[in-house]
Amino acid sequence: MKTCKTQMPVRDPEERARDFGEVALGYTEELAVAEAQRCLNCKNRPCVEGCPVNVSIPEFISKMVKRDFEGAYNIISENSSLPAVCGRVCPQETQCESKCTLGIKFEPVAIGRLERFAADFHNAASPAEPEYPQFNGHKVAVVGSGPSGLSCAGELAKLGYGVTVFEALHIAGGVLVYGIPEFRLPKEIVARETKRLEAHGVTIKTNTVIGKTFTVDELFEEGYEAVFIGSGAGLPNFMGIPGENLKGVYSANEFLTRVNLMKAYEKDAQTPVMRAKNVAVVGGGNVAMDAARTALRLGAESVRIVYRRSMEELPARKEEVEHAREEGVIFDLLRNPVEICGYLNPADPRDPANGFVRALKLIKCELGEPDEKGRRRPVEIAGSEYETEADCVIMAIGTSPNPLIKNTTSGLEVNRRGGIVVEEKTGKTSREGVFAGGDAVTGAATVILAMGAGKTAAKAIDGYIRSKVQKR
Amino acid sequence: MFEIVNKVRLNPGVTMMDIYAPPVARKAQAGQFIILRAEADGERIPLTVAGCDPQRGTVKIIFQIAGGTTLRLDNKNAGDCLPDFVGPLGCPTETDGIKKACVAGGGVGCAIALPVARKLASCGAQVDSVTGFRNKDAVILEREFSACSKKLFVMTDDGSYGKKGLVTAPIKEELESGTRYDRIFAIGPLVMMKAVVETARPYGIPVTVSMNPIMIDGTGMCGGCRLTVGGKTRFACVDGPDFDGYEVDFDEAAARLSAYRDFELAEREKCCNLFKKEIYR
Chain A
29 MKTCKTQMPV
39 RDPEERARDF
49 GEVALGYTEE
59 LAVAEAQRCL
69 NCKNRPCVEG
79 CPVNVSIPEF
89 ISKMVKRDFE
99 GAYNIISENS
109 SLPAVCGRVC
119 PQETQCESKC
129 TLGIKFEPVA
139 IGRLERFAAD
149 FHNAASPAEP
159 EYPQFNGHKV
169 AVVGSGPSGL
179 SCAGELAKLG
189 YGVTVFEALH
199 IAGGVLVYGI
209 PEFRLPKEIV
219 ARETKRLEAH
229 GVTIKTNTVI
239 GKTFTVDELF
249 EEGYEAVFIG
259 SGAGLPNFMG
269 IPGENLKGVY
279 SANEFLTRVN
289 LMKAYEKDAQ
299 TPVMRAKNVA
309 VVGGGNVAMD
319 AARTALRLGA
329 ESVRIVYRRS
339 MEELPARKEE
349 VEHAREEGVI
359 FDLLRNPVEI
369 CGYLNPADPR
379 DPANGFVRAL
389 KLIKCELGEP
399 DEKGRRRPVE
409 IAGSEYETEA
419 DCVIMAIGTS
429 PNPLIKNTTS
439 GLEVNRRGGI
449 VVEEKTGKTS
459 REGVFAGGDA
469 VTGAATVILA
479 MGAGKTAAKA
489 IDGYIRSKVQ
499 KR
Chain B
890 MFEIVNKVRL
900 NPGVTMMDIY
910 APPVARKAQA
920 GQFIILRAEA
930 DGERIPLTVA
940 GCDPQRGTVK
950 IIFQIAGGTT
960 LRLDNKNAGD
970 CLPDFVGPLG
980 CPTETDGIKK
990 ACVAGGGVGC
1000 AIALPVARKL
1010 ASCGAQVDSV
1020 TGFRNKDAVI
1030 LEREFSACSK
1040 KLFVMTDDGS
1050 YGKKGLVTAP
1060 IKEELESGTR
1070 YDRIFAIGPL
1080 VMMKAVVETA
1090 RPYGIPVTVS
1100 MNPIMIDGTG
1110 MCGGCRLTVG
1120 GKTRFACVDG
1130 PDFDGYEVDF
1140 DEAAARLSAY
1150 RDFELAEREK
1160 CCNLFKKEIY
1170 R
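Quick mapping for you: the protein sequence lines, in order, are chains A and B. Taking the working numbering, I'd label the letters of the first sequence as residues 29 to 500. Taking the working numbering, I'd label the letters of the second sequence as residues 890 to 1170.
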């Protein structure tokens, strides 16, 4: 037996860092079978527990060993509504793969790569979809068409509910279209998933902001019996240091939205994005990696990640960090920004370069005592400030919940940070008939956790509506 | 799709459209804005609502033809459709408890100032309005303003219509002659709003300004519309667009508005050629 994962072909770093084509190419049939054969098919199935939506992992892998890829896909889709997405963006190394028995001694089975292969195989073959049940007469509203909303809608549609998904932007997909870049998740895949839902009777209403165009109360008045809120993470955080509103400072949300949603990288795009020479991205999460790699692809000569702790604490997925490094992203670790410096021509107040970013002032840090989460706290080293040249600074340091729904929905409890309070096992909020999940509840987290929450809530919504029907 | 049911050229550089969008028309209030795209691959631009007709399901927008997207929008005619039109966004203008107000509009900002003046008048407030334009050709909405105002001052930069001067001149005169407004609403270019604030400052009259920064989503996601207000970062799309004029950092807002000047000039040039049209200025 092979002790290491079967490598997945990826495009050459130098070539891929200049365009937006997908980086990872996926397994071939032979590679997929070879990797599937590594699975021990152990009885206690620890990997399944590691999956937030509990995909029957050993079962789908067994099908792949027998080259029944469609069968494998069907098993995955029993539990996951977005297999082609999850196979690409899930942090498997901290979920299913971290529990793999094989992983105790060797490298775990590459579950994510296998999932991706099965989903891509299915999509390429595009066989007939399974029939969904007839409309059961009950309508449910889903707010937001990101991973939690799509997953909730998909599960409810499978049960026969009439589902309408309300999306604020002009395209469905939420963070899958505005946040995650094309080179990691082709938008065609997201579009296919939303079309599939529509084919199953789910209505997607774009250009509709719940909390503005309609309130949650109005949705109930319209005859929806339950509402799921999956409205996402919300407003970007800033550090509160001088210079954050200079021209050339973006939140990662804005930068990625301009490029991904508005396609600012295309030659004829009507939405602009700065084509900077030296880019600094502040933060160490997956969003920071996405922003850094996007900046490279827009033609930057240097792109650096500025993170206040060390590589060990860096929260981004290892694979993304690896890819970023290969492509030439520089990691400025144990550094904290203290100021963003702007250009000002003292001789000419009308100089068009005035007010743009010139440099980022950093202070060096060392690691001190662990904080309440056990991560070692960064401690600034007095007097170690220095400037690094930058004409664009991207802040990727998290988000705060969007206030629109909270402000317009009475009886909806939120926590100190503004996140919607839910019962974890059901997604139930303090307001009857209203459920919530995803980043609107947890703050910025992963696609799969949001999907898991959407699925959990769908089950609870089904239970809620059934119990109401029984009482009638 | 959102149909353009009516299109009127208000002056050589300003166009009015009524867009069929019943849910928005039912909700939109003075001070709120919408975001639209003129074409399928177009840019998202915010426009403050200039009025709406809930019965007919239409929302009125009035825009200055200034750049690529507004040229593309202006190239559409009644019967054509817009791919995207979303709203109402932002918070409505606060008019509670105001008995006597001054509403000042600068240029196309008058289109947004008018619903505020109307709302105040309909709540029983006494409204003086001041509108300012470059010249006679640019004057819009005079009849509408006079219908809801006790006094109306129309100003032009060159004196070709109304009185010669800036909108601040009649405001200053009124304040000097002892008129005590509960609040002044200033809506227009940043320099104009800033000047109104400075005019009101010695008299301690509160000033509400309507900010129009660059936006993308307009729903509290991207953070592109951030401003410094009272030393804090605020987001025009969810916290505004109205802010206390004394607290807004106008210079920073002006700088941020110019972030894409080169791109905008190129887009404008491209569209002028495409539609064989000049931009009126």
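Incorrect hints may have been included.
Stated by the list, open to error - Result set (DSSO-like, lysine-lysine): computed pairs, CA atoms no more than 30 Å apart in a straight line:
id : chain 1 : residue 1 : chain 2 : residue 2
1  : A       : 295       : B       : 1165
2  : B       : 916       : B       : 965
3  : A       : 295       : B       : 1159
4  : A       : 434       : B       : 1165
What the hints assert, rightly or not - Here chain A is said to cover these stretches of chain B; the calculated rule only asks that three of the stretch's residues, wherever they fall, bring their Cβ under 8 Å from a Cβ of chain A:
id : stretch
5  : 945-956
6  : 972-982
7  : 1014-1020
Quick caveat, the hints were computed from the structure, so don't treat them as lab data. Cβ coordinates follow ideal geometry from the N, Cα and C atoms, glycine included.
Outcome of the hint check:
Proposed proximity of residue 295 (chain A) and residue 1165 (chain B) is supported: the alpha carbons are some 22 Å apart, at most 30 Å. Only pairs whose Cα atoms come within 30 Å are accepted, and residue 916 (chain B) paired with residue 965 (chain B) is accepted, the gap being roughly 25 Å. A distance of roughly 13 Å separates the Cα atoms of residue 295 (chain A) and residue 1159 (chain B); the hinted pair therefore holds under the 30 Å criterion. A threshold of 30 Å between alpha carbons decides the hint, and for residue 434 (chain A) with residue 1165 (chain B) the separation of about 48 Å lies outside it, so the pair is violated.
Restraint check on the stretch 945-956 of chain B versus chain A: 0 residues with Cβ-Cβ distances below 8 Å, three needed, restraint violated. For the stretch 972-982 of chain B, the proposed coverage by chain A is satisfied: 7 residues have a C-beta within less than 8 Å of a C-beta in that chain, meeting the threshold of three. Look at the stretch 1014-1020 of chain B against chain A: 0 of its residues bring a Cβ nearer than 8 Å to a Cβ of that chain, fewer than three, so the hint is violated.
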